[in-house]
Amino acid sequence: MPNSPAERPRRIVAHREGPMLVEGPVEIVLEDGTTVSSDRFCVALCTCRRSRVFPWCDTSHRRRSPAARPGADH
Amino acid sequence: MEPAAKRPYAEPELPPSRGEISAALIEYLRGTGPLPGDAALAGADPLGDDLQLALYVCYELHYRGFAGVDGAREWDPELLRVRAALERPFLAALRAGATRHSRADEALDELLVEPADGEGVSHFLQDKGELWQLREYAAQRSVYHLKEADPHAWVLPRLWGRAKAGMAAVEFDEWGGGRAERVHAQLFADLMTDLGLDPSYGRYLDASGAEALAVVNLMSLFGLHRELRGALVGHFAAVETTSSPGSRRLAKAMRRTGAGPAAEHFYAEHVEADAVHEQVVRREVVAGLLEEEPHLDADIAFGVEATGWVEDRLADRLLEAWRSGRSSLRAAV
Numbered sequence: 000m001p002n003s004p005a006e007r008p009r010r011i012v013a014h015r016e017g018p019m020l021v022e023g024p025v026e027i028v029l030e031d032g033t034t035v036s037s038d039r040f041c042v043a044l045c046t047c048r049r050s051r052v053f054p055w056c057d058t059s060h061r062r063r064s065p066a067a068r069p070g071a072d073h
Numbered sequence: 000m001e002p003a004a005k006r007p008y009a010e011p012e013l014p015p016s017r018g019e020i021s022a023a024l025i026e027y028l029r030g031t032g033p034l035p036g037d038a039a040l041a042g043a044d045p046l047g048d049d050l051q052l053a054l055y056v057c058y059e060l061h062y063r064g065f066a067g068v069d070g071a072r073e074w075d076p077e078l079l080r081v082r083a084a085l086e087r088p089f090l091a092a093l094r095a096g097a098t099r100h101s102r103a104d105e106a107l108d109e110l111l112v113e114p115a116d117g118e119g120v121s122h123f124l125q126d127k128g129e130l131w132q133l134r135e136y137a138a139q140r141s142v143y144h145l146k147e148a149d150p151h152a153w154v155l156p157r158l159w160g161r162a163k164a165g166m167a168a169v170e171f172d173e174w175g176g177g178r179a180e181r182v183h184a185q186l187f188a189d190l191m192t193d194l195g196l197d198p199s200y201g202r203y204l205d206a207s208g209a210e211a212l213a214v215v216n217l218m219s220l221f222g223l224h225r226e227l228r229g230a231l232v233g234h235f236a237a238v239e240t241t242s243s244p245g246s247r248r249l250a251k252a253m254r255r256t257g258a259g260p261a262a263e264h265f266y267a268e269h270v271e272a273d274a275v276h277e278q279v280v281r282r283e284v285v286a287g288l289l290e291e292e293p294h295l296d297a298d299i300a301f302g303v304e305a306t307g308w309v310e311d312r313l314a315d316r317l318l319e320a321w322r323s324g325r326s327s328l329r330a331a332v
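Those protein sequence lines, which keep their order, are chains A and B.
Take the first sequence: its position 17, counting from 1, is numbered 16 in numbering that gives the first Met the number 0, and each next residue is one higher.
Take the second sequence: its position 248, counting from 1, is numbered 247 in numbering that gives the first Met the number 0, and each next residue is one higher.
No lab work stands behind these hints, which were simulated from the structure alone.
Since the model is a prediction, treat every value here as computed from it, not as a measurement.
Be aware that a few hints might be false.
Listed below are several chain B residues computed to face chain A (Cβ distance under 7 Å; list not exhaustive) [as the list claims (entries may be wrong)]: (1) L111; (2) E113; (3) A168; (4) V275.
C-beta: ideal position from N, C-alpha, C; glycine also.
Here chain A stands alone, though its shape is the one from the complex (with noise of 0.2 Å):
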């Protein structure tokens, strides 16, 4: 591989809103000691606990109902 993942640290994107986005494969440890594992290129790790394919996120942080704007993404 040109870019071996021991060349540099590996990127985490943490944003207040929404899941945490970490480069993939990844290898997680669940807290009943299950792994669950994804090749995907990024993976979205859910923060806000609602998720119902926990550790993964599936976008069940949304609002419910259209709030002021929090300020733009960037």
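Keeping the supplied structure of chain A fixed, place chain B upon it in accordance with the hints.
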């Protein structure tokens, strides 16, 4: 039913016509008549069956073509002149019908709300969809899903930097991340087999109404024109943003009706994949394109809203038919 995987790559048959324009166009492609005349083109309903099928046929020459049609027709200048005459009223109808915002973030913000009491096709199918309705849905969606992510590749050479890298990463995932059996179009073909449908490319074109064709024509229109690259990116962002919650409901519908494991898997995969794609498309592709070309903001918003508009028209047709117990198809499947 024959197994889909064994079927060789095949060019689809030319479809039956739906009016004066599509009839002349199909005759022309068979080599048995002239192209449609200006009078016919001028009088066409931009969202009607005849124009939408004619446009679909013009665009298909850039995807798989048709059996017995010379591949050189793809760049036939006279045919491209007719295609442009079909595109102009379609694009004008989209702009007039769909445009509400001039900023991408305003248009996308509306899609990020998920009301608890939502209505729409996926809600209907989740709550009370019957197997025949799921089959009708899949048959008409096949004109789109068997091309899933394909026209979006045309935008890649027109992007740069973050937008290009993000777009390519999402497309790679759409195409199975390097694994043929995971290509999303293949997953949809597997869903069709579970539902007892024929997964051959183009098989349900004739069964699909103008509203379903408009959904595909929109992405071909945006994909083929560099000028509309902002709209293509907006379209992609709208699809990826709305897909995850809708797919959760459709996975539930497939599970409840016992449609089969591949049928359920197609939508379950989209719940997880598109929750990622949404983030990458908004944060990298849309934001990256706006950084490079801020003047495209209104075009991106247009692409978002035009996508919702054609989807709503399709939803109206499906729900109107199903609520009165009728088939939503043009021809039985």
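Going down the list of hints, with the structure as the test:
The interface hint given for L111(B) is met, as the beta carbon of that residue sits about 6 Å from the closest beta carbon of chain A, less than 7 Å. At its closest, the beta carbon of E113(B) sits 4 Å from a beta carbon of chain A; the interface hint therefore holds under the 7 Å criterion. Interface hint at A168(B): satisfied, since its Cβ lies 5 Å from the closest Cβ of chain A, which is below the 7 Å cut-off. With its C-beta approaching chain A no nearer than about 5 Å, V275(B) sits inside the 7 Å limit, and its interface hint holds.
The structure fails none of the hints (numbered hints given earlier).
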